[in-house]
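S.K.: Same order as they appear, the protein sequences are chains A and B. Residue numbering for the first sequence follows numbering that gives the first Met the number 0, beginning at 0 and increasing consecutively. Residue numbering for the second sequence follows numbering that gives the first Met the number 0, beginning at 0 and increasing consecutively.
Check the hints yourself; a few may be wrong.
In the SDA-like style, the derived pairs of lysine to any residue whose C-alpha atoms are separated by at most 25 Å in a straight line are [said to hold, decoys possible]:
hint, chain 1, residue 1, chain 2, residue 2
1, A, Lys355, B, Val282
2, B, Lys293, A, Val321
3, B, Lys263, A, Ser187
4, B, Lys219, A, Gly97
Hints listed in this document are in silico derivations from the structure and should not be mistaken for laboratory results. Fair warning: this is a prediction, and the values are worked out from it, not measured in the lab.
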Amino acid sequence: MISKAGYSVLRQARSQLRSRVGPSPVASLSALARLLSSLAVLEQKEGKLNPGSLAAVTAAQKLGGPVTAFIAGSNIKSVAEEAAKVAGIEKIIAVDNGAYDRLLFTNTSSTQGLPENYAPLLVENIKKGGFTHIIVGHTAFGKNLFPRVAALLDVQQISDITSIENENTFVRPIYAGNAIATVESSDSIKVFTIRGTAFAAAAAEGGSATIEDGVDPKVESPTEWVSEDLAKSDRPDLATAGRVVSGGRGLKSKEEFDKVMLPLADALGAAVGASRAAVDSGYADNSLQVGQTGKVVAPELYLCAGISGAIQHLAGMKDSKVIAAINKDPDAPIFQVADVGLVGDLFEKVPELTEKLKK
Amino acid sequence: MGPSETGTLHHQLLHYQIPHHIKQLTTKRAANMSALRILVPVKRVIDYAVFAPHFLFPQISYYILDQTAIETNGVKHSMNPFDELSIEESVRIREKNSAPGGVEDILAFSAGPTKSQDTLRTAMAMGADRSILVEMKDGEELEPLGVAKLLKKVVEKEKSNLVILGKQSIDDDAAQTGQMLAGLLGWSQATQASKVEFKEGDVVEVTKEVDGGTDVVRAKLPMVITTDLRLNEPRYASLQSIMKAKKKKLEKTSLSDWGLDASKRLKTLKVIEPPPRQGGGKVEDVDSMISKLKELGAL
Numbered sequence: 000m001i002s003k004a005g006y007s008v009l010r011q012a013r014s015q016l017r018s019r020v021g022p023s024p025v026a027s028l029s030a031l032a033r034l035l036s037s038l039a040v041l042e043q044k045e046g047k048l049n050p051g052s053l054a055a056v057t058a059a060q061k062l063g064g065p066v067t068a069f070i071a072g073s074n075i076k077s078v079a080e081e082a083a084k085v086a087g088i089e090k091i092i093a094v095d096n097g098a099y100d101r102l103l104f105t106n107t108s109s110t111q112g113l114p115e116n117y118a119p120l121l122v123e124n125i126k127k128g129g130f131t132h133i134i135v136g137h138t139a140f141g142k143n144l145f146p147r148v149a150a151l152l153d154v155q156q157i158s159d160i161t162s163i164e165n166e167n168t169f170v171r172p173i174y175a176g177n178a179i180a181t182v183e184s185s186d187s188i189k190v191f192t193i194r195g196t197a198f199a200a201a202a203a204e205g206g207s208a209t210i211e212d213g214v215d216p217k218v219e220s221p222t223e224w225v226s227e228d229l230a231k232s233d234r235p236d237l238a239t240a241g242r243v244v245s246g247g248r249g250l251k252s253k254e255e256f257d258k259v260m261l262p263l264a265d266a267l268g269a270a271v272g273a274s275r276a277a278v279d280s281g282y283a284d285n286s287l288q289v290g291q292t293g294k295v296v297a298p299e300l301y302l303c304a305g306i307s308g309a310i311q312h313l314a315g316m317k318d319s320k321v322i323a324a325i326n327k328d329p330d331a332p333i334f335q336v337a338d339v340g341l342v343g344d345l346f347e348k349v350p351e352l353t354e355k356l357k358k
Numbered sequence: 000m001g002p003s004e005t006g007t008l009h010h011q012l013l014h015y016q017i018p019h020h021i022k023q024l025t026t027k028r029a030a031n032m033s034a035l036r037i038l039v040p041v042k043r044v045i046d047y048a049v050f051a052p053h054f055l056f057p058q059i060s061y062y063i064l065d066q067t068a069i070e071t072n073g074v075k076h077s078m079n080p081f082d083e084l085s086i087e088e089s090v091r092i093r094e095k096n097s098a099p100g101g102v103e104d105i106l107a108f109s110a111g112p113t114k115s116q117d118t119l120r121t122a123m124a125m126g127a128d129r130s131i132l133v134e135m136k137d138g139e140e141l142e143p144l145g146v147a148k149l150l151k152k153v154v155e156k157e158k159s160n161l162v163i164l165g166k167q168s169i170d171d172d173a174a175q176t177g178q179m180l181a182g183l184l185g186w187s188q189a190t191q192a193s194k195v196e197f198k199e200g201d202v203v204e205v206t207k208e209v210d211g212g213t214d215v216v217r218a219k220l221p222m223v224i225t226t227d228l229r230l231n232e233p234r235y236a237s238l239q240s241i242m243k244a245k246k247k248k249l250e251k252t253s254l255s256d257w258g259l260d261a262s263k264r265l266k267t268l269k270v271i272e273p274p275p276r277q278g279g280g281k282v283e284d285v286d287s288m289i290s291k292l293k294e295l296g297a298l
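Chain B on its own, in the form it takes in the complex (with noise of 0.2 Å):
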């Protein structure tokens, strides 16, 4: 993540400066787009950088918990860096006016620990206009279909035709929310996208990431779309921005204030470190390298 436009500067920048563009789309939207009720899930989860295989950092390998769990206490968490960009996202389609119909509102949603309002106040800081968070009990979480029938209930309840998720989280690595959710609704679906271009008629193209290269599909909204490393740069919250984040709305529910509760299908029997790697040493040469390779079969 390297440095970006502050976000309130570009904000100010595009409303003061073209507010008739603004009454033109204003009109346009009147006729036959929809404007974008964007609804976006993120995920507090440990921070990538803290967390680490054991055989090269020993020392922190205290995170797997008598072969059951990860321990988490007291482990730096962020927001999920694929949600990172789901926000970041959704800012930019209504910074840049890039949807015709313009964007009604930027909903950042969590369910989890009470801690999961850190997560939501970024999201808020970086430019999601309010939240909701489901708060749940310690020990207890949503496993990915959970997480989509919970999701399924707010975009009845908020009205939204957009969903923007992370790709998957770093944590469980399962990579399945958005397909899903996508699923459960009967809506399009854009997974791994890199690019997001809005055309006339509430028509969405995607350019997705897939194995070998790009593939570009076309839908109407509502849809759901998931995010990939490539599809922007985040930015950091200005201090400003934080403290705007403050004043905004964020609503606290339950599970049961959805009518869903977190009951699971898949139960952990264990939790292991991966068998540790040992280096073999380094040779002092290439013609070294060579016979070392020879000699484990490699070559």
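Chain A with its partners taken away, still in its complex shape (with noise of 0.2 Å):
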């Protein structure tokens, strides 16, 4: 184990490399530079970046050294062109072919992909890159792909960071938010996946990155991708939203739901978000819940209505910066974490509250 006096020498040491041209003439001090290599993995779809994915970047940039994003698909030069210009990555690997396509993300920024051949792809270009650091955002992509890559590199692991303490030391939460954990890593490379809201987007311009191929092992997925059925929405994203208006069992029908939570929704140019009592009943959206099993926000405002706020719905809200709640029920454990808090029947407040923000 390194003491943390040890950090800090290597930390000296590395940016005492960076500074200077040319090749190190102190063999230790390169050595010790290798030790830190980060990859970024990052989301693309039909030739586009998945900005949310530029948050895996900041994250490589907190530890320290060098950063490298990866990318695959078809016709990968755009998008690599489109990554260079990203603030704080060094160099892109990029590698093009059509077989790791089913990398998507949509309007609503969802991802997926084929992990049976993507998995040994990503660990093929880490073995050969010597990165010490691969990270993703804890997206469906994500968490599709990481495990099985960490397997494969017989790694451990880490999911879900909310902060970088060290090159081997990060932050999580654990039990649906209800602790937080800070878990020291012995493996090698560390694998993990970190959680967008608490890691800001790289800028997309400002970088200058070199472009190169990365080997390709064209692996043959025994998975084959049939469908997709996304839903479409001129929204903004729900996990990346600023402000999130979200409904829950007490709007009582999805008709009512659409006709009381839509209209605050556009009002407030906001996402929408629902708990899962309202997702389970069919008012909304699955693709909607906010909580422990579905999404995690942390929108600037979070406006909630008719929801109760039950322990796995605040775990996928209470990191927001403003919360405001309307419910009928003065008791309702919601109130204890909303800013603002308005008892009330929602059908009359929330209507009205739509008028008053319209003018």
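Since each chain sits alone in its own frame, please combine them into the complex, following the hints.
M.R.: Written out as structure tokens, the structure is:
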């Protein structure tokens, strides 16, 4: 185990190295510098970079070593060029092969992938590049892919981290966010997924990374992708929206949910979310669920109506900057976390609020 | 969880009313379908309803001990909710005859303290045929990678061709084991399943919950599936099935029987409560709500 003093020596050595032009004359220092080199895995769809995936670049930068980004798919050149402009990336590794195209994101920034061929692809490139830290967002794509990558590397992955203490130590919520654990990894390669709301996306402009072709082991996937059915929406993406309005069981029906909540969302330019109760009752689509088993959001404003505030729901929204709640039950737990609470009938209060916000 | 059909009744109906249909299936199975040997790993965790944020329920904040661990003694435990879905799905595959090759075996498996046998009994009361427990000492536990390595050995020994796991355990929230197992075995994986369908020729079609909607993938057995909450509604075990489960086989083993140790890659340095959040009180009407939100810079 390296002491805290050890880390700072390491950092110093690294920063000296980086300011120096040309190869370092001190062999031991360059050996130390090789200890940290991060790979941020980015997501793309149809020639466009998923901006949400750039949070992985920010996390990689916090570690302090050189940052490489990885991207794969068909006609990858334009995406690689777009990624090369992202601030903080030194190098892009791009693999041009349509076999990795099932790596999609939609206007709701959904992603999916076939980890059966993508995981071996990534492992080959990690081994070739000698990376020590492998990072991706804790999205459907990251969750599906990374544990497979970690197992192939014989590494214990660290999921959904919210903060990086140093190159070995990471912070992550457990028990639905009811406890925060700090863990130290003894693996030589750290494979982790990051909570998107805990790291800002890297700036899309200002960088000038070099682009190089990655290795492609061309592993055949035993699994075949068949189809997708994604909810289309013009509203902002729930996971990254600055404002979220969310409805619960109190909305009583899908018709009422749409009639009451959607105009409020539009008045605020907000994304729409829902509690599990609302989703299970069919008032809102599954993909809108906020909570332990759904999305974790942390917008500037989280405005909810007809949500009592079950533990599992709170796990998904309690890090929002400002929480506002409308509920007819004055004893609902949601009022204990809400910065602004209004006791009243949502069918009356929400339309009134919508009207007044429009003015 | 609501009321559900009693497993035993459903089971009897299927088996006694349509025997010749079953016969046909048996013939087909001999031709080109594999009979399913399903492995269902289950985990004993603190009951989801028990764990609560300190800032809402300060009286039960003793769940975190000296900033190092979660207190588990004397706390209600139950089967990880996602694992209940795995058992339920396996049993439904059998009851509904949805797999052309039929279901030969449903094996529930757990690694943990001796009390994990209660979880396995529950799994058997829900319809699993038998179970294996890897008994672990107090304070000894496996990380997802260790569980995946253990499960790989179980799959090989028991000749499982379908593993159905929960998408995550609600204590560690790692969401890794199923994918790791599929990676170690080199099998197909379908995570966060909301629908599982069997087709001719050992093909399984799985609808997955993804960000923004659903996604359908198709693979041939063997494969690993992880469950999402929308897959099904787990049944309550009837008293009769609980009694029957007591007679089912529960094999106790140890980690060394499987040639594994419990050494960990991650060391937990600290476990703390999340920063408390204070409610800001209530306002009288919509106008006050708007002005308060403006004051807080949210509008």
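S.K.: Could you run down the list of hints and mark each one as holding or not?
M.R.: Cross-check of the supplied hints:
About 16 Å separates the Cα atoms of Lys355(A) and Val282(B), which keeps this hinted pair within 25 Å; it holds. Of the pairs offered as hints, the one joining Lys293(B) and Val321(A) holds, with about 11 Å between alpha carbons and a cut-off of 25 Å not exceeded. Proximity of Lys263(B) to Ser187(A) is assessed by CA-CA distance (about 13 Å); at most 25 Å being required, the pair is judged to hold. For the suggested pair Lys219(B) and Gly97(A), the alpha carbons sit about 22 Å apart, so the restraint of at most 25 Å is met.
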